[in-house]
Amino acid sequence: MTEGVGQGVSVTAPGRDDASLSRRRFLAQGLGGITVLGLGGWAASRPRRPRRGIRVDVLSRVFNGQDLQLASFLIGVVAPGRPDHAALIRAGANVAQALAWALAPSGATETWRLDELARRRGPGLATSDDREILRDREEADRRFLEALRVMLPGTEFFRLYLDGLLSGARATLGRVAAARLARMAGVSVLGRDEVDFLLGPEGPERALLSIRPLHAFRRYTYYRYLSVRELFEATGGAPGGVDLPGGVDLVVPTVAGFDGRLGSRATPTPPGDQLLAMARLVTLCGGRLHPLVPFDQCRQTDGRDSLALVQDAVERRGFVGVTLSSPLGQGNASADGSLRALLAWCAREEVAVVAEPEPEAWSRLLAFHPGLRLGVRRGGLEGSPPRGSGLMYGIDWIRRSIQGEVSDLLRRDGPVLGDDAVAFLGLRKGRRTRERLERFYDRHRITAPAWMLALDEPGTGRGIPGPERPTV
Amino acid sequence: MNARGRGARAPDRTDETETVRALIDAFRPPGCPVSVDAATRRALDFLAGFRASGSPRVNTLDTSLAVLGLVVAGTGGNRDRVRRRLTAVESSLPLLRDLARFAQRLATVVIYATLDDSGRPSAAQALGYDIFQDRARGGAPAVPPEPRLPLDVIVGPSDPVPDDIYDVVVVGSGAAGSVLAARLTGHGRTVALVEAGDYVPERYDAATAARPRPHDELDNLLRYYKDAGMQPADGDSRLFVLQGQCLGGSSVINNAVCFRMPDHVRSVWAREFGAGWATSRRLDDAYDRIAGELRIAPATSAVPDGWINPSARFLASGAKALGWERSLQPCAVNVEACLGCGYCNLACAYLRKRTVLQTMLPAAAATGRLRIFVGRRAREIIVRTTAYRAEGVVVEPTRGGGDRRVIRGRRVVVAAGAVGSSALLGRTTALAPLALPIGERFSFNFVSPVHAEYETPVRAFDGLQMGHYYVEDLPRDGFVIETWFSPPATQSLALPGWMDDLQANMERYAHYACASPLVGSTAGSKVDTRFTPEQIWIQLAGEDLEKLKRGLLRTCELFFNSTPAPRRVLINALKNWSLTPDTYRDRITALDSFGEIQISTAHPQGGNCLSADGRGVVRPDFRVHHTRALYVVDASVFPTSVAVNPHWTVMAMADLAAGHIAGD
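Residue numbers (my numbering), protein chains in the order written: chain R, 1 to 472; chain Y, 1001 to 1664.
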């Protein structure tokens, strides 16, 4: 699952044209029509130097339905944002979760699959032959459709779903299709042809609903790597991706963070396993994917200390920053101490921190950690952060799910947010993050990626301030 | 993902109650004397107990129940609708089929293990089963006087950890750990023994109300088994890996059968892995010492009144008819004055099984040099990175809720079993630079029980659970056939069929004889210690399937040639499981993959392969390669499966290893 794909293209470039590339232009330049898999590659190991500035996507999310309490997420986060479909989303929440938890690969399973792909295809997954990967996608689709047949009928969600379809079916699809939909309401198991009909390219879900719940649910059941691959296809377009107008050179996604606020149950894939799967993906993406690692000062993760997990991810596994959900320890002294330890370490090691918009609380904490690279998501914040606060606005997370295909999301308008990601993350030569990445590439025999080569060319990019003066 | 103030509602335990009730109702046989309410309460108690156990596998259970919650959603709890939906799921994808089968297993086990007001499993009794105390000889069986562990030896999970430095810290109190404790204290060493499971002293006292009920299958699963018997293998979600987790480990819950390592396996270990001791007289001497302490003897003499699993009678007559009677032998067992209650796997509540609790541990405690830390899980080994010298172990309460503590020692021995030892070494980050193949070469013995149904009741539950074995040429055939029978809840897991078919098969419970081929797997599986909890990836080879098929064929052959002849024979396949003399060959031969037949294991081995060269994690003297003062001694060091019950071999090996460790 990727969320917020391509919504924020953070640009550092010599020409302001690229720097101010709008979302509409981005799509207009040929990326709106996405070929799902198959043609180009992703994360080619042979770098091509971009002929323009570096584009860094800092708004994507990569996860599948095993990584979070999906039902609570849909009810508590997604449904309120879509009041017109809230009842349907709420009713579908448990369906989506059950399907995802039953069908989606766990972090461990995905790591094994990626190990296997790497063994057979070598690092970088350079893409002369995609048949094997296509089979993963086809198998995921097959399983999803088969599961729908037996798990949808009888649910409140399916009743509402059919109601939604039936209201416009006769006028749009004709009498025969409407009757076919009406018959589905009474069955205990759907036929394969009926599921194919619902989800087909000309099917009623596409034709009649402004949201596409079953398409969305399907995406939650995918391997994470399939979504990343699709993300690169969508935002890069060709092997290496960087030569095409609008291509994204580096994706810095968040992964599903700690979801304790969503409910008390553990997710099938614990955070530590999710990070391992992502770490494997990082090595296979040849320097084009470097995620942020979540930290929760209020929880131990899988019996491991949260800070140790973060340090391991950043120092050894190619993660380039940390996401925080709150600057507060919620009154817990141990949590406060844990947070202070993280921030001190991040300041010392120049690790970027991306956090929730609670600027006052952050400003107070920053007084104790001068030099910390801290970006808060913009949220409702306007303008610039208070002078001298040390805060940086502009890294944002857009909480919208893809309803079906990545292209759906790309077709939407959305704010172009984010600025100076290269500086913020510390990707320029001589910065600590950059040094960690270089060591990481050496260890994994990854050729320096195109964005890195381009950054090192004289005259590329603007003068980027260091951590002493965060960019606004 | 911040849902604050947005009315997020997670699925709660109310949903779970409804799910469990619907499942119980769906799988409960018509006319079952256990009510849906009673079984639901029992199931919820069991789930609560499991969650409180601190098992890291709770996640898996929660996920399964959440998905099953959707399956029964929208049915209004209507039994027929739930059954239709479950059947649709069962006939769907293998993944969903396994989930439906898991629901059936859980519900069926609970139904047959639910006790009525008199403490009896009434659904099981309706099948012709009676608990031991209701049998003629079970009136008031005496609990033999046993040497008890002095309480001052035991340090509970909430007790302070003394700031001592021990000569040796041993992690795991099972077959290997307890022998090591006894031998090392005997050599004058002080020993800290760390056990993740509990000590259950009340089991020794027949008079106390807190004494576990001998026949209470669910309660005993929670008390004595790792993950309450639900440790899944992730390469095959239908396979659970059974291991003990209590003071005494698997030696408390095994079937009490004892085998020496077969000669061909000993040769391979010595020749290919440099374990010269495997073919030496020293190992035989160690076997003999253990035999003396556990009083290992043939079942026919260890069970004075002949209360041995009656299944052997039918195997014997079949073997005789075929002229192979010399291949059927009584097992060597570590029981004494056995009552034949059939509760070996439930920790032998009448204390006739000679376990480490009655032998090695009291002997070690008597030296005054043993301290036992129970209810604490070892998180990581403290290893000094400069010289890779082990200096202690970080422990934490197994059930959570406490701080981590350090138990320091001059040497550390890991003896936590094939899965646990690999996991502990894998979690020890200081060892990572050594790039040891931790978790690799994992193997196991697996079984797939065969039931033969006879016209008149066999009452195979009434006797020692496992009394005889059949073997012709182990290196050639690759299997041993063992008799086996359990109380109804556990036995239901070994019977084939979905819904009505399983219920019909369970109704004939008292009419079955049962035996199973046991196959030692190839060593292609793995304990993957990168994850939390560790993942067991099962990778079986074509030759494993061929051995199982040969074993199934021979077992069927023996039963079909028995006198009287059985009405039919059942194998635990997904379909075509009811066999006749005319069909069994074709149907077994047609088995094409392990996806078509249920297998189970209680004998995990390997993961920390012993080898003189770089293929291994430990050297032939049990020290971890390139380290100092760090050893592994348990079934995890087996470079190949031993293809028979490994219990005695583990103990003998620990006896040998103690000499290395004490003198190192």
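Some hints here could point you the wrong way.
What the hints assert, rightly or not - Where chain R lies over chain Y, by a calculated footprint (3+ residues, C-beta under 8 Å):
hint: 1; region: 1283-1297
hint: 2; region: 1300-1308
To be verified - Stretch by stretch, here's where chain R covers chain Y in the computed footprint (C-beta under 8 Å, at least three residues):
hint: 3; region: 1053-1066
hint: 4; region: 1522-1535
Hints in this document: simulated from the structure, not taken from any laboratory. Quick caveat, the model's predicted, so the values are computed rather than measured. Think of the CB as a built atom: it goes at the ideal place given N, C-alpha and C, for glycine as much as any other residue.
Requested in this report: Could you tell me which of the numbered hints above are not met by this structure, giving the numbers in increasing order?
Outcome: 1, 2
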